[in-house]
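Dock chains B, C and D against chain A, hints included.
4 protein chains.
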Amino acid sequence: MDGHRITMLGTGLIGDFYTNTLHGQRGRDRVRVAYSRSESRGAAFRERWDIPESTTDLAAAVTHPETDVVVVGLPNHLHEEAVGLAASAGKAVLCTKPLGRTADEARRMLETVERAGVFGGYLEDLCYTPKTLKAIRSVEAGAIGDVTWVRSRETHPGPHSAWFWDGRLTGGGAIIDLGCHCIEIIRNFVGKGNRPVEVLCHTDTLVHPIADEDNAIALIRFESGGIGQFEVSWTFRGGMDLRDEVAGTHGTIWMDHFLRTGFEMFTAGGGGGYVAEKAETAAGWLFPVGDEVSELGYVDMFSDMFRAIDEGRAPQETFYDGYVVNSIMDACYRSAKHHAWESVALDWRGGITARIASNPETYEGQVVIKREILPDGRHKLILKDPATGDFTDRVVAGA
Amino acid sequence: MDGHRITMLGTGLIGDFYTNTLHGQRGRDRVRVAYSRSESRGAAFRERWDIPESTTDLAAAVTHPETDVVVVGLPNHLHEEAVGLAASAGKAVLCTKPLGRTADEARRMLETVERAGVFGGYLEDLCYTPKTLKAIRSVEAGAIGDVTWVRSRETHPGPHSAWFWDGRLTGGGAIIDLGCHCIEIIRNFVGKGNRPVEVLCHTDTLVHPIADEDNAIALIRFESGGIGQFEVSWTFRGGMDLRDEVAGTHGTIWMDHFLRTGFEMFTAGGGGGYVAEKAETAAGWLFPVGDEVSELGYVDMFSDMFRAIDEGRAPQETFYDGYVVNSIMDACYRSAKHHAWESVALDWRGGITARIASNPETYEGQVVIKREILPDGRHKLILKDPATGDFTDRVVAGA
Amino acid sequence: MDGHRITMLGTGLIGDFYTNTLHGQRGRDRVRVAYSRSESRGAAFRERWDIPESTTDLAAAVTHPETDVVVVGLPNHLHEEAVGLAASAGKAVLCTKPLGRTADEARRMLETVERAGVFGGYLEDLCYTPKTLKAIRSVEAGAIGDVTWVRSRETHPGPHSAWFWDGRLTGGGAIIDLGCHCIEIIRNFVGKGNRPVEVLCHTDTLVHPIADEDNAIALIRFESGGIGQFEVSWTFRGGMDLRDEVAGTHGTIWMDHFLRTGFEMFTAGGGGGYVAEKAETAAGWLFPVGDEVSELGYVDMFSDMFRAIDEGRAPQETFYDGYVVNSIMDACYRSAKHHAWESVALDWRGGITARIASNPETYEGQVVIKREILPDGRHKLILKDPATGDFTDRVVAGA
Amino acid sequence: MDGHRITMLGTGLIGDFYTNTLHGQRGRDRVRVAYSRSESRGAAFRERWDIPESTTDLAAAVTHPETDVVVVGLPNHLHEEAVGLAASAGKAVLCTKPLGRTADEARRMLETVERAGVFGGYLEDLCYTPKTLKAIRSVEAGAIGDVTWVRSRETHPGPHSAWFWDGRLTGGGAIIDLGCHCIEIIRNFVGKGNRPVEVLCHTDTLVHPIADEDNAIALIRFESGGIGQFEVSWTFRGGMDLRDEVAGTHGTIWMDHFLRTGFEMFTAGGGGGYVAEKAETAAGWLFPVGDEVSELGYVDMFSDMFRAIDEGRAPQETFYDGYVVNSIMDACYRSAKHHAWESVALDWRGGITARIASNPETYEGQVVIKREILPDGRHKLILKDPATGDFTDRVVAGA
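From first to last, the protein sequence lines stand for chains A, B, C and D.
Using this note's numbering, read the first sequence as starting at 270 and increasing by one per residue.
Using this note's numbering, read the second sequence as starting at 270 and increasing by one per residue.
Using this note's numbering, read the third sequence as starting at 270 and increasing by one per residue.
Using this note's numbering, read the fourth sequence as starting at 270 and increasing by one per residue.
There may be inaccurate statements among the hints.
Identical chains share a label here; the pair holds if one copy fits it or two copies do between them.
List of simulated lysine to aspartate or glutamate pairs, EDC-like, C-alpha gap at most 20 Å [what the hints assert, rightly or not]:
no.	residue 1	residue 2
1	K547	D662
2	K639	E546
3	K606	E467
4	K606	E350
5	K606	E492
6	K461	E409
7	K639	E322
8	K606	D373
No lab work stands behind these hints, which were simulated from the structure alone.
Chain A on its own, in the form it takes in the complex (with noise of 0.2 Å):
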């Protein structure tokens, strides 16, 4: 019944989640100790989260004699150095979303921990809302039949700190803050175990005078023929939009994350605060939601990972799998900048996944385009003449 003791490293809106995620309900995990590149900011969140101790120090944080597990939740160009530390103390390291700026960075983080032989998982909260991993068991058993195409959406006004604005940190753009996000989203729909086989992406910077893009929209093609489609942006106007669509040859599955999710509130105004991220109002019709830091998956995320460490497997999430996202934003990158569908360029630990088929039927040797009831309980068949191939409908009897 015993719980973690945890290293968090970065005290910023992600730490901030994390924590609270940690600490909140009746969860037995607790941060030990915190760090932070400012001693205030690391004592101001040491304060709110009633943590024993913060320190600058990014080794001694690490190190620490009482924790075993450490969060990495720094700026995309520090993620490499605090994985190398927490992987030479022998420690569990979970890394936040993008694993690194690029495949390359990505990979020697992959590397480094499967060396060392610690556990690491991949903090990819959106992979763990709650519709999602309902909707993911239930197109897992068959629900929507094979899944032909997932559309994955996160667009917002742009994100609040001023690093994620300088690629030189981070690595990019929208794609590097958000497409990360919806690449694993739709991995998780298509089967991990479906190769991601090449990339068309388009990217602007159409409204911030920033040197990355603030706009993109790419396709990726998976060996079953399936299809993802990501859109991101940091100019979308209305709040903070996050959905994905699954659609599959039986069925259909669409979430809404964030806008429109049974919580609607018009006020005047007065009564302020904070209504939920990204939130461009105050006043107005207003759209919060219920629970944040259940909603957008960080509760079942860490529930994944301490479960994970204690019954030694694998979480849903790995560093591999930050590999492959980050060997996807690659292609994406390069696609943009060839104008030109690009290969993804990959280490590929799955198999093979065999195209999405479909075994036409047949009446009285014609093949059965469509079938369709009639209110009269009579089925009409669109059918096709293989000799000819000219088409006909027909109406007969009901099955």
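Same frame as chain A, but now just chains B, C and D:
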């Protein structure tokens, strides 16, 4: 960091929901012993939730030396005995809704825990849904002004277990099953210190061949002038409809807890399994809920209860609240029987609430009934002459 | 293919909506003359809608030699006089809602048109919205079984014109303005031949400094046992809330006519202008309606009226319906005043409606209360022993 | 006030929709003669819609002495012949979508009507839905700033008629059937004078045993930098998904035209009949549309066409627009084949559109990347130092 060890009384649907919550995620509280009237159901429950012991001896379960909290998840007619035993044992007792079958029964339970000086928590989950908690905070912060009206609706096609249908065991029909939720939701929004003055209730038995009501609607008038309205039904078709609406002088809140929460699935069938509580179909358009124990409030409810025990404070929902709810339900049954408004008989511990009041603006000696902003920025006023009672409209420059 | 030539009485908001409808799209009916109490408003209206003539002489407008239909779009206290003039002129008369300020007034108008033998149409637009018309047909076809409950809600922040606020001219407050819509919507769903037996109504004046109600809720019990419930308010915040819900023994219908119709817009401001009737803001999240005159029922309403005239049949909504609505509103006001259920006093022309009844299934001599299909295909029955009144559950093979 | 007399070519589903619209409500235009390739289908159509004559002689139908407008509702491969005959007869011709099977074909039809000097209207109904019309006006008025991205989606389980499936007759698969709608919707939002520069399209045949695409996604880059994105499918499950999303620098628009329009029905079955175009089930949760011919744009489309004829002006959608759409579809097919971006080959009549541009605000010599309003009213600025390229954040007093 140590959690509580719990005696769980009852191993039906509610026992499952409770234990699922307690043992879920990274919780530190555990069920130590489960009581069931049936040895085989107890054993199955023990195995299902990895509980050390089960027993058919109620007293033994309650007085188990290793538990400090007793959770009552039994049919209504067994609440009083269980609460009495727990109080005698000097343990904290958390009792499922409704507290009693009547206000008299509830009042005796309230007196029992108060006399024994033990912690009494009222397990009213729907007052703890994340949406509801956030909405209550918004209302308390003034976001929608004074609350004029609350609608709380809970309807579904009827309960799963036989005992629910037997009014001798439960104390009634859909009101005692579902109305108790609605009443306490309403109280949280109009303010718990706002006295429920009188009730008008209509009941009918339209579909099921039972003696108790399968449909009911009630109006509750509070001291402030605010109105609570609940609609409960065991004959609703389409799943479980759980919605709340709150109207205030400066805003509006709408919450949908179950059928429209941003998760929509169409399936041609196949890959079935559990969709959601009270779902009616396994194909076509379905509306699952992400994480039911979170979204229905169980997680936050137990967090509040155990924290309150740890901190020596009262929880959000107390035995007194349960007693108030039973008093209002008693008035509902009397109203339905007498076909008239009925006073709520109640040992009131709250204070006095002033009537909702507005200070009408005046303009050149006339009362401003309404002020609208026109597209051109000017304001249109509807004015009432206090002398003649005549109404006019007038367009003036914007403020 | 020739259309009708119309006398339009009244040039306010409702006259605009009516004429916009008649002159919109490719309609063949035209307003020939408009009457306004104010010469300047009449002239502006004439120009706005390209109408040959306007006048301030009511009798001249009604008896205009080139018109065959009189549309009454005047304040409530002027309906009776206008209807009388039209009947004397032997012209078809279409009167806006509510027909009268009281049932007595409405009954006199009904008698006037019947005595004169002229066509009398009741302009109740919200019974003609395309959604409502299609829903009524579904209910009549049996799609949701017997109707057990109808909720009709119309709320907004209050009317635009001064005269609406003066109960001396209108006959009341929010009930007379909005409740008339709700009542007739309810009647269309429970069946127009289903007698309204009694009414319970609660009213209050919570926000606006007026003598009449700005909020009201009512329950209407019909002969079948079905319940109508209406909620009207002049204090709602967030726009105009127009929703109907219908519950039946075999189904459910939900309609949203205004705030959530699949059209959502966020704007940071700019490009303003008209959003929708009763919209409160011009920035933030807005919910416009596509084509208001179509979606609010005006188009289908006038089509039915003119076709009925052409075909010599009664329209869907007649002066008798208007009289029934006024009779129910009278009962509402009496109920609110007496704080008690009140019978609906009514010269009833409908028939007798049987009570909603179900023939309970039996299983081995026991009454089946509920039958559920389990995930494994078996059926779970809740059974009642008719001798003892005891309930049990039992799992049996699927049908 | 006289209407038009129409030759209707084609008596299939589209002929029904068109005639239903023309003869519906109080319209003054009438179909005078219908042409069908089959005498029996023509006769049934004539009777269904109360039309004086039907014929199997195409030329006779077009040159009928009593008609002045020819509506082409024939399969795609018959459009060019029909347009030619109508132009020769000197009559106005309204042609259903897509105009041609290829840009060449479309261009010849455009030249034919221009040479003959007859009115040519392109019957693109989905650009005329009431929501779309209102949204276009909002965009033109500046409500959402510059349009950066438009998503138009049309997917369903596949067409009803055999000929749709035969690419030899239609010119393609889902793109030619559905993509034509999406493209023209997109053009209306980005601005018709905004040149479509290049296209990236991915197609696949995943479910139906046909030679043409049953799924396609495309990106269209416009001169302004704005991106159009369409998704079309004949394999979607759950009905007909018709949604558009528009993102702008200052706002957002979301439109759902079919599956979620505020009309929801659950039925246990029974009382069936027609639910909505492409509906897949007759029980469970259903999502009907109120008035399909209005909500799908047919009513406003014909109003615009006939008014344009009467007023001697061009309609909103012209043969030139149809030609542009075909040109973009040609580029889509080339792109899918070549697996690369393709230029849109086009005889461009529009002007030049400037690139979307923002004038970044500066603050003390630094570039303001983003400005957020904090709960306490102060503003948080993300700043970029133009010299170093470094980013910082800074909290300042509110404006």
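These are the hints, each one checked on the structure:
1. K547 with D662: Between. Shortest inter-copy distance 16 Å satisfies the 20 Å Cα cut-off; intra-copy 52 Å does not.
2. K639 with E546: Between copies only: 16 Å across chains, 45 Å inside a chain, cut-off 20 Å.
3. K606 with E467: both (15 Å within a copy, 16 Å between copies)
4. K606 with E350: neither (29 Å within a copy, 46 Å between copies)
5. K606 with E492: between (24 Å within a copy, 18 Å between copies)
6. K461 with E409: Within. Shortest intra-copy distance 11 Å satisfies the 20 Å Cα cut-off; inter-copy 44 Å does not.
7. K639 with E322: Neither. Shortest intra-copy (66 Å) and inter-copy (34 Å) distances fail the 20 Å Cα cut-off.
8. K606 with D373: within (19 Å within a copy, 33 Å between copies)
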